[in-house]
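Peer 1: These are the residues of each chain, in order.
There are 2 protein chains.
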Amino acid sequence: MRKNPGRRQALIDAAIEVLAREGARGLTFRAVDAEAAVPPGTASNYFANRDDLFTQIGGRVYERLLPDEATIARNQEGVQDTARYAELMHELVDRVSAFNSGYLALLELRLESARRPGLRAVLTERIRADIDANIGYHAASGLPGDATSVVLLYLALNWLILERLTLPGIFTEKEIHELVDIAVRRSLQA
Amino acid sequence: MRKNPGRRQALIDAAIEVLAREGARGLTFRAVDAEAAVPPGTASNYFANRDDLFTQIGGRVYERLLPDEATIARNQEGVQDTARYAELMHELVDRVSAFNSGYLALLELRLESARRPGLRAVLTERIRADIDANIGYHAASGLPGDATSVVLLYLALNWLILERLTLPGIFTEKEIHELVDIAVRRSLQA
Numbered sequence: 001m002r003k004n005p006g007r008r009q010a011l012i013d014a015a016i017e018v019l020a021r022e023g024a025r026g027l028t029f030r031a032v033d034a035e036a037a038v039p040p041g042t043a044s045n046y047f048a049n050r051d052d053l054f055t056q057i058g059g060r061v062y063e064r065l066l067p068d069e070a071t072i073a074r075n076q077e078g079v080q081d082t083a084r085y086a087e088l089m090h091e092l093v094d095r096v097s098a099f100n101s102g103y104l105a106l107l108e109l110r111l112e113s114a115r116r117p118g119l120r121a122v123l124t125e126r127i128r129a130d131i132d133a134n135i136g137y138h139a140a141s142g143l144p145g146d147a148t149s150v151v152l153l154y155l156a157l158n159w160l161i162l163e164r165l166t167l168p169g170i171f172t173e174k175e176i177h178e179l180v181d182i183a184v185r186r187s188l189q190a
Numbered sequence: 001m002r003k004n005p006g007r008r009q010a011l012i013d014a015a016i017e018v019l020a021r022e023g024a025r026g027l028t029f030r031a032v033d034a035e036a037a038v039p040p041g042t043a044s045n046y047f048a049n050r051d052d053l054f055t056q057i058g059g060r061v062y063e064r065l066l067p068d069e070a071t072i073a074r075n076q077e078g079v080q081d082t083a084r085y086a087e088l089m090h091e092l093v094d095r096v097s098a099f100n101s102g103y104l105a106l107l108e109l110r111l112e113s114a115r116r117p118g119l120r121a122v123l124t125e126r127i128r129a130d131i132d133a134n135i136g137y138h139a140a141s142g143l144p145g146d147a148t149s150v151v152l153l154y155l156a157l158n159w160l161i162l163e164r165l166t167l168p169g170i171f172t173e174k175e176i177h178e179l180v181d182i183a184v185r186r187s188l189q190a
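As they're listed, the protein sequences go chains A and B.
Using my numbering, the first residue of the first sequence is number 1, and each one after it goes up by one.
Using my numbering, the first residue of the second sequence is number 1, and each one after it goes up by one.
These are calculated hints, taken from the structure and not from any lab test.
Watch out, some of these pointers could steer you wrong.
Because identical chains cannot be distinguished in the list, a pair is counted as satisfied if it fits within a single copy or across any two copies.
Straight-line distance between alpha carbons at most 20 Å, and here's what the computed EDC-like set of lysine to aspartate or glutamate pairs gives [as the list claims (entries may be wrong)]:
1. Lys174 to Asp146
2. Lys3 to Asp33
3. Lys3 to Asp13
4. Lys174 to Glu125
5. Lys174 to Asp94
6. Lys174 to Asp132
7. Lys174 to Glu91
8. Lys3 to Asp51
9. Lys174 to Glu87
10. Lys3 to Asp52
All values reported here derive from a predicted model rather than from experimental measurement.
Work out the full structure, taking the sequences as your base and the hints as a guide.
Peer 2: What follows is the structure, given as structure tokens:
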């Protein structure tokens, strides 16, 4: 197995684009090599098999979706009230939506996980950990609402992003903005 | 183009199973013929092309997801309060979840619609009409809440069903039940 970390990462990033564009069946080592513009046979030196590649894509998408240090620092300043909660959710929805191919790749992974129990286990663990981290972050932040608010927003905003990216004619950008605001307000009420 | 309506419907139902199981790239006329156990070449006599087949799948999934007459009649009886709203949403979540392949096929259609503008237009119109019908049904019902409550529940419960069907280890069945109750209560608050 080859070890160049930069090359490995470039191959996984290329695989995200292939998966989002072509679907799970289109994700072949050959397609990844072509997308990454590397010699044929390169990807097969970096991944044990397609299962391995699918699993590593999941981890990499989550890594790329994390906010940067400046965003994290900014989010922790000032009053932690409902208006701030709404700001955070607007920032989150826009950040995730901007990584269109990553979000679509995660959906393809979900559908593929019905066919790959190993992938399903890894994705389940990763997403559950992400929800728990959000609940923990919220509890420590002083923001209004409870753990259930966090889960309700996770559910509603994920589908809103799905709608925005796959069928952008359903809600206008103005409606999306208003739905984020109102989802925050109503989710926080006990 | 062949016209036997029963045969056409059986082919579309077979196509739903193929799409859910194999993904969009696996949806070929040959695979549909095999799934429906009809002679090779049958599906190609009933659908102009794969675009036509994708589009007809969308309509058929929605048709099969409609509640039956008895359920509709039962839903309109008695007090239309928050508890009744929660009952309706439990019934909806369970009805949609029970048609596992239909729900997964709709997700495949969403992802495929990024590649097929005609399919995207049909799906957008169908889903927007479905949301508007839900808002109209709600307004006429006397149930608590407003149009935004309907949209928030549409968002949150769709992702909850997605979670339940693709990564069933994330939330337990008990958590899902509680999340439906609490999503209803909080979505109804203005």
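Peer 1: If a hint holds in the structure, say so; if it doesn't, say that too.
Peer 2: Evaluated hints:
no. : hint             : result
1   : Lys174 to Asp146 : between (27 Å within a copy, 19 Å between copies)
2   : Lys3 to Asp33    : within (16 Å within a copy, 46 Å between copies)
3   : Lys3 to Asp13    : within (16 Å within a copy, 47 Å between copies)
4   : Lys174 to Glu125 : between (35 Å within a copy, 19 Å between copies)
5   : Lys174 to Asp94  : within (13 Å within a copy, 32 Å between copies)
6   : Lys174 to Asp132 : between (30 Å within a copy, 18 Å between copies)
7   : Lys174 to Glu91  : within (15 Å within a copy, 32 Å between copies)
8   : Lys3 to Asp51    : within (18 Å within a copy, 43 Å between copies)
9   : Lys174 to Glu87  : within (15 Å within a copy, 32 Å between copies)
10  : Lys3 to Asp52    : within (15 Å within a copy, 47 Å between copies)
Of the numbered hints listed earlier, not one is contradicted by the structure.
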